[in-house]
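The task is simple: from the sequences and hints, build the whole structure.
Adding 257 to a residue's 1-based position in the sequence shown gives its number in the numbering used here.
Just so you know, these hints were derived from the structure itself, not from any lab.
Where hints are given, some of them may not hold.
Said to hold, decoys possible - Ranges of calculated distance between the beta carbons of each label pair, as one might list FRET restraints: (1) K271 / T297: 47 to 57 Å; (2) H267 / L291: 30 to 40 Å; (3) G272 / T292: 22 to 32 Å; (4) L281 / Q302: 37 to 47 Å; (5) V290 / R270: 25 to 35 Å; (6) L273 / I303: 57 to 67 Å; (7) H264 / F284: 23 to 33 Å; (8) S298 / E265: 46 to 56 Å; (9) E265 / V290: 31 to 41 Å; (10) I266 / T297: 41 to 51 Å; (11) T297 / A262: 49 to 59 Å; (12) A262 / S294: 44 to 54 Å.
We treat Cβ as the ideally placed atom computed from N, Cα and C, and that holds for glycine.
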Amino acid sequence: MALRAEHEIHERRKGLNIGVGLMLGSFVLLIMVLTFSKITSPEFQIPASQAQGVGEQLTTGGTN
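Take a look at the structure:
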């Protein structure tokens, strides 16, 4: 079975796919940079609901 040369449409799609991949990668990088800069800023604080232990299991003193 012989290999066929790529059709011209495949070359066009390859360029578009590379462009979409670069845009997606840059978007992910942007979100990571924004998250990192927010967390490392001096004004960042843990939300009050997590700081007070909301969501943790508390024992009621009963027998298990």
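Against the structure, the hints:
1. K271 / T297: 47 to 57 Å: 39 Å, violated
2. H267 / L291: 30 to 40 Å: Since H267 and L291 have Cβ atoms about 36 Å apart, the given range 30 to 40 Å holds.
3. G272 / T292: 22 to 32 Å: Cβ of G272 to Cβ of T292: about 31 Å, so the range 22 to 32 Å holds.
4. L281 / Q302: 37 to 47 Å: 32 Å, violated
5. V290 / R270: 25 to 35 Å: Holds, since V290 and R270 (Cβ atoms, about 30 Å apart) stay within the stated range.
6. L273 / I303: 57 to 67 Å: Hint violated: Cβ distance 43 Å, outside 57 to 67 Å.
7. H264 / F284: 23 to 33 Å: Cβ of H264 to Cβ of F284: about 30 Å, so the range 23 to 33 Å holds.
8. S298 / E265: 46 to 56 Å: 50 Å, holds
9. E265 / V290: 31 to 41 Å: 38 Å, holds
10. I266 / T297: 41 to 51 Å: The hint (41 to 51 Å, Cβ to Cβ) holds, given that I266 and T297 are roughly 47 Å apart.
11. T297 / A262: 49 to 59 Å: 52 Å, holds
12. A262 / S294: 44 to 54 Å: Distance hint for A262, S294 holds at roughly 48 Å.
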